[in-house]
Amino acid sequence: MSLSALTIHETRDRLRRGDITARQVTQAVLDRIAAVDGKVQAYLWLNPDDALRQAAAADVTKPLGGIPVALKDVINVTGQPCTCASKILQGYIAPYDAFVVRQLKAAGAVLLGRTNMDEFAMGSSTENSSWGTTRNPWDLARIPGGSSGGSAAAVAADEAIAALGSDTGGSIRQPAALCGCVGFKPTYGRVSRYGLVAFASSLDQIGPLTKDVRDCAMLLNVLAGHDALDSTSVPRPVPDYTAALGQDVKGLRIGLPKEYFIPGLDQEVEATVRAAVRQLESLGAEVVEISLPHSEYAVAVYYLIATAEASANLARFDGVRYGLRVAGDDVNDLYGNTRGAGFGPEVKRRIILGTYALSAGYYDAYYLRAQKVRTLIRQDFATAFQKCDVIVTPTTPEVAFKAGEKSADPLKMYLSDIFTISVNLAGICGISVPCGFVRKLPVGLQIIGPAFGEESVLRVAHAYEQATAWHKERPAL
Amino acid sequence: MNYETVIGLEVHVQIKTRSKMFCGCATEFGAAPNTRVCPVCLGYPGVLPVLNEEAIRKTILAGLMLGCTIARCSKWDRKNYFYPDMPKNYQISQYDLPLCTGGAVGSIRLTRIHLEEDVAKSFHFATTSGVDFNRAGTPLMEIVSEPEIRSPEAAFAYLTALKEILVAGGISDCDMEKGQLRCDANISVRPVGQTKFGPKVELKNLNTISGVRRALAYEAQRQMTALQKGEQIAQETRRWDDDAGKTVVMRTKEYAHDYRYFPEPDLMPVVISDAWLAEIRRDLKELPEARRRRFVAHYGLPEYDAGVLVANAAVADFFEKAAGQNPKAVANWIMSVSDITATPIQPAHLAELVAAIEAGRISSKQGKDVWAEMLATGQPPGAIIQKKGLAQVSDTGALEAFCDQAIAAHPKSVADYRAGNTAAINFLKGQVMKLSKGKANPQLVGEILARKLLGGES
Amino acid sequence: MDLAHVAHLARLHLTDAEMAQFAAQLKDILGYVAKLNELDVTGVEPTAHATPLTNVLRADEVRPSLPTAVVMQNAPAQDRDLFLVPKIVE
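Read top to bottom, the protein sequences are chains G, X and P. Quick note on numbering: the first sequence equals residues 21 to 497 in my numbering. Quick note on numbering: the second sequence equals residues 18 to 475 in my numbering. Quick note on numbering: the third sequence equals residues 2 to 91 in my numbering.
Calculated directly from the structure, the hints in this document are not laboratory data. Keep in mind that this is a model prediction, so the values were computed, not measured. The reader is advised that the hints may include incorrect statements.
Derived pair list, reagent style DSSO-like, types lysine-lysine, alpha-carbon separation capped at 27 Å [said to hold, decoys possible]: (1) X:92 with G:392; (2) P:28 with X:221; (3) P:36 with G:426; (4) X:96 with X:246; (5) P:36 with G:107; (6) X:429 with X:451; (7) X:33 with X:195; (8) X:221 with G:392; (9) X:456 with X:446; (10) G:426 with P:28; (11) G:278 with P:28; (12) P:88 with X:96; (13) P:36 with G:432; (14) P:36 with X:263; (15) P:88 with G:392; (16) G:107 with G:278; (17) X:195 with X:138; (18) P:36 with X:138; (19) X:405 with X:385; (20) X:263 with X:345.
Using C-beta positions, here's what the derived DEER-type ranges look like [stated by the list, open to error]: (21) X:70 with G:350: 38 to 44 Å; (22) G:384 with P:53: 44 to 50 Å; (23) G:486 with P:22: 46 to 52 Å; (24) X:21 with P:53: 34 to 40 Å; (25) G:273 with P:6: 47 to 53 Å; (26) G:361 with X:252: 32 to 38 Å.
We put the CB at the ideal spot given by N, CA and C, even for glycine.
Please take these sequences and the hints and turn them into a complete structure.
Below, the structure written as structure tokens:
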């Protein structure tokens, strides 16, 4: 078995025992990438020599010493490009490290390479990348999900031991579900956003994509923490998330929101998720029916707030200080030409929608109203968490769809985030873990926790995972 | 038809802080282009702003000095527009909950004071413009007056007073040449007695306080003349050309004013507690006008001296610490240098020097030498006097002996003096000074000699 | 929506094809988000921030700036350490 198939904890154990070297692990992963990435296309940028150099110098006594981790191409690493899968950032070389990158480096990780994504994190299939689409390792005719599709596909295909993604409306959890791996969105403010190219400032979080829950906890330990350079970063101590693992779930109350089990949900996906819930019941958890009454409004709220914030966040891409420049006769021409050529259609659509939602005469009806409904959604969760400890739902309404199937209809694409979006709006945490297969494609179980409830989520996720074998499945590539 | 002028002023003031509003780049003026920049103030992908506490404190201080109401809770907003001097193409500013509201400069009420970040500086060439982001991100206070200014002269007075207060408070150096204080004006005219405002014209490119007065005078006249001819005044932005002495319509910025303000998601609100406010109040400087009056009344200083001292708050503080028994003398010493606080001299030392001269320990001439040494070394006057052995001999016994010596040695001068040539005593005085190696107290010597000469002692 | 106006606010030059396509798609999306009007939001406070922090401030200390050479490396057009743009006419 190739070393590339190992998890973080397995790799770490063997590195510390001296069975293997860090260089061997990174080499194995690079070999795997060479073998399969032609088909999967998870990676946008790879520097094998640099990765091997890092591996050779790695200190395996450190928490992630020698572990090769891939980064979604939205996180700044000094000296590396950071295109966000957009033409408008062609040529940009980052002059600074994101907070999470400093943390990874301090923990001894090997920064392996940069993975594909939907442009500026806007999308649910990675089809919005300017550099071509990534394929789902379980079925190369299908999409891996998005926007962290490259990271999820890389982990699923053993093209990385672990990866980082970013999640604004489900962009870690949804691709994790569709690719059969674990994906975690931390509580808003748990992980610093400094160095993460902003999409929606009040919703974005960086998080891990891993092969199992233990790996996820280990990576979270390194990523989490207060950062003085991020004013939204919460100054709350970081517990050892691995201590939440291996605990039983007897008496733990699991809330099932009735609004999530609706006609749009694929029947087989529903059956698979309900079976997972029964599994949790057999482990001693108590199922409680709850209601999140404003769920049906979440997608609408999201597409007003996220696009409004994005319209401002993406205004800096103007051809003046970095990235693509397309000449113009005057300054406005420069902007219009550069942004016209540099942004893909989905990004443009969202910028227009967001600009409109904030514009004179429309602010109250769109942006302000959306922020009020957001409050109602947050209150829904606060109320629900009085009756349960975690909330369990399907991660996605369906399994991986075929490339091209939804790309012509933006609205249809938006609705694939229907189960993940509320978690971002409420600023709480959530994980997706594999819970089965439908028509040979992975299904994800979402476990949602209250703000800073990472430990409860990991506890339930781990208990479920250890009672099943889904996490050991690998695609036949 | 009589018209009245209605003027409102919007003043932007760069706050004196070491670092920028949202990042740690230095705010120094005059650095080489793009040498005081970082990913944050360049608007790089992935960066985030962090509030500079001192900028907030100084804004609140300004608000207190101007009698504003300080907000209990203040927030930040994005003001969205595209321009090459804008690194993010939105400016972080304050929209509906600014730090200060109300207040006044003299009799002109203020609407508000808020805090925001300054934009970059551009230089214009033949076909291109070059942008230097050193200035981008400097903390900037925007002070908005109510449209209550009624003449160009009143505008001049407003700006002069505002500048004086901000400088005295250590809030800004307000140097217009360095762009530390910038002013835009809104001006309209209306028939006297009409309450409705006429269409307002915004004036830009006002680079000096007197330029503001000139521009407003021109524009008021332009508008009145137009109205008298029956023309309409267009609500527009006009650029003041100081050389030509007129305002010109600026290229209209299409859709210039849909700023699409929304709350800044990257910055948290500021809650100003009573405790914090009390702490800031402790730094509250007496307004210059009041301090000037107090210096005249309490210390008996002439108006001129008081004016010079209060122009710089730190100098005025120094004066008050050193004033002692002879404030006029202290003031004179302070005014003999351009900035006493830039010298190594301590207030207590200056007080000591003045007292030593007053008590006759040293002569005023010696005082000047001691002062020079104090300036050079920062040593206290006592030590210098000691070291140089300057202490005037005021011991009358010793002086009597020197006088007797001089009188004995120069009988001709004695005779001249007694014959009515009073100036002859000066020669004798000089001899005594020589004998005492310059240390004799000249006043005492004069008295002793006079007594001896008149008394007929030989 | 006046698409041309909004595109200008956002400084996006759209092709005719994009204008046509987006107009239709945005109409659909706006139609969808209109469902928010079903709700009564009287008395509901808008969510200002995702976390209830206040007074997140930093001390007024100078930190090293970026070396100008590094800054200029990313500049699409520059001359003597200034970022160049087409002439700005006031």
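Hint consistency between residue 36 of chain P and residue 426 of chain G [alpha-carbon to alpha-carbon, up to 27 Å]: 22 Å, holds
Distance restraint between residue 92 of chain X and residue 392 of chain G, which requires alpha-carbon spacing of 27 Å or less: Status holds; Cα separation ~18 Å.
Straight-line alpha-carbon gap residue 456 of chain X to residue 446 of chain X, limit 27 Å: Satisfied, since the Cα-Cα distance of roughly 12 Å is no more than 27 Å.
Restraint check for residue 107 of chain G with residue 278 of chain G, where alpha carbons must lie at most 27 Å apart: Violated, because 42 Å separates the two Cα atoms, which is more than 27 Å.
Restraint status (C-alpha distance of residue 36 of chain P to residue 432 of chain G at most 27 Å): 16 Å, holds
Proposed proximity, residue 263 of chain X with residue 36 of chain P (alpha carbon, max 27 Å): Given pair residue 36 of chain P, residue 263 of chain X is violated - Cα atoms ~55 Å apart, limit 27 Å.
Straight-line alpha-carbon gap residue 36 of chain P to residue 107 of chain G, limit 27 Å: Answer violated: residue 36 of chain P to residue 107 of chain G is near 35 Å, above 27 Å.
Residue 22 of chain P and residue 486 of chain G - C-beta distance against the hinted 46 to 52 Å: 49 Å, holds
Residue 53 of chain P and residue 21 of chain X - C-beta distance against the hinted 34 to 40 Å: 50 Å, violated
Status of the given 44 to 50 Å range, CB of residue 53 of chain P versus CB of residue 384 of chain G: Since the Cβ atoms of residue 384 of chain G and residue 53 of chain P sit about 24 Å apart, the hinted range of 44 to 50 Å is violated.
Pair hint residue 426 of chain G and residue 28 of chain P, alpha-carbon separation not exceeding 27 Å: 18 Å, holds
47 to 53 Å as the expected CB spacing between residue 6 of chain P and residue 273 of chain G, which holds or is violated: Since residue 273 of chain G and residue 6 of chain P have Cβ atoms about 52 Å apart, the given range 47 to 53 Å holds.
Hints 2, 4, 5, 8, 11, 14, 15, 16, 18, 20, 22, 24, counting from the list given before, are not met by this structure.
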